[in-house]
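Trainee: In case you want the letters, here they are:
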Amino acid sequence: MVRSALQTRGRLNRGPRPGVTLIPAASVVAASALALLPVVTQQAVFPDSAFLMLIAWRLLRADAWPAWWAAPLGFVNDLLTGMPIGLSVTLWTAIMLVMDLVDRRTLWRDYWIEWALAAVLILMAETAEWKVAAWSGAPVPFIQVLPTVLISILAFPIFAFLASRLDRWRLGQ
Amino acid sequence: MAAPAGPRPGWSRRAQYSLFFGFLAAVAGLIVGLIMLVLSLVAPASYASVRGAALDVTAPVTGALSEVSATASGLVSGAGNYWDAASQNAKLKRERAELRRQLIRAQAISQENRQLKAALGLREHSRAAVAAGRIVGSSFESPRRFAVLSVGGNDGVAVGMPVRTADGLVGRVVDAGRIASRVLLVSDRANIVPARILRGGTPVISTGRGDGTVDIRPLEVGRNPFKRGDIIVTSGTGGLYPPLVPIARVIRLDDDGALGLPIADPSQASFAIVEHPFEPEALAAAGRQDQR
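Listed in order, the protein sequences are those of chains A and B. If you want the numbering used here, it's the position in the first sequence, counting the first as 1, plus 1. If you want the numbering used here, it's the position in the second sequence, counting the first as 1, plus 811.
It is worth saying that the hints were derived from the structure and are not from the lab. Warning: the hint list may mix true and false statements.
[Unchecked claim] Far from chain B by the CB rule (all over 12 Å, computed), these chain A residues: (1) R15; (2) P17; (3) R18; (4) I24; (5) P140; (6) F162; (7) W170; (8) Q174.
[Claimed, not checked] Just a sample of chain B residues kept apart from chain A, beta carbon distances all over 12 Å, derived: (9) V861; (10) A897; (11) A917; (12) Q926; (13) G964; (14) V970.
[Unchecked claim] Simulated restraints on C-beta separations: (15) A/P158 with B/A943: 40 to 48 Å; (16) A/I159 with B/A908: 30 to 38 Å; (17) B/S1081 with A/L151: 31 to 39 Å; (18) B/L845 with A/I152: 25 to 33 Å; (19) A/R106 with B/L886: 33 to 41 Å.
Every residue gets a Cβ at the ideal spot worked out from N, C-alpha and C, and that includes glycine.
Bound-form chain A, shown alone (with noise of 0.2 Å):
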């Protein structure tokens, strides 16, 4: 009975998982790695899975990872993806940096606040994606974009609901 009282059950004594720093890295390129799902279709409406993780981690904390691992975790985006190599790499490292000059003018964030921010994100990928076709010999008119613009947008939700689950695992908590 005394014994049984001094066994660890429950909230007691649970601390971080191991490799903590890299479970975040980790989620993202799993999202990458849904590239690889056998989906074969013409039409373009998913969302970037991988940038809405990045996306839904980087909103919800300033350290998940140092800001610079954006671009390993780019890189590693486009070449499973097969996007022209260096479009992540630069995209998600200036979203770090971006990132971080509205963490500084931002006092208060909400829920709505935050999804409207991943809108702005979103958008922005979005057209810098189209821009890259555009130049690259595949000029689509923009609204064609459009569609995976509001896709991604609406499945946001999804991913920070992830990320956040993940952190709270991550830490033990």
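Could you slot chain B onto chain A? The hints should help.
Mentor: What follows is chain B alone, placed relative to chain A:
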């Protein structure tokens, strides 16, 4: 909720330095990324080996997953086929009889064609396939239209080779790894195919629209030559794509052209065939000009 504390390291000099160098590293990453991006826009061939290696690593994963999904969907559609087997059987028998008659006619025409060509002394191009593979994935998260094919350099696939299915044209190879390759689909905006209308042979140009359809324009300005249901086939001009491969079916007319739906649907086709470029010297030209 207040904004996250963010990069405010307090009084620790060590923390301040590590934050500052982290910032410098991020700026360096940004510059390196920009250089890489410019390089991949200006000289896409410089990443050929990296992209090929990445394909080799990722394509087997996609291939294995696609086996699983094909099995699952095959179970469902297989059950569906048993549902009305009797009426389907009767219908198929009728169709087979009709097709046999057409086949005999086509054989006669083909034989006559061969004799006429021999009489004219036309050079015959060998149309032997390089390799046949499965389409296992696609770029469903990007505005570009690529597909991943399960054959690569080990099977003789090289950048610039045309890819088709039994139904029609799929596109051309833009990245070739050892065991997998990436195909620029006909419906990508960067894929421009010289073509003609099967009915009448009017020369046209087919350009992808990026949304699963193709834009078809006549080469000569004037009356709109299209009709709904027209079949567009490759013309062989330019030397890359072999002639008379079906590309698209016209589904809508607009003021000076038409909108077509590709005939070869990469998501339905079980096998795609990689062929040699129609004129071999076109392979080198396509490799040089290839943009992605």
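Trainee: Give me the numbers of the hints this structure contradicts, sorted from smallest to largest.
Mentor: The structure conflicts with hints 5, 9, 16 and 19, although it agrees with all the remaining ones.
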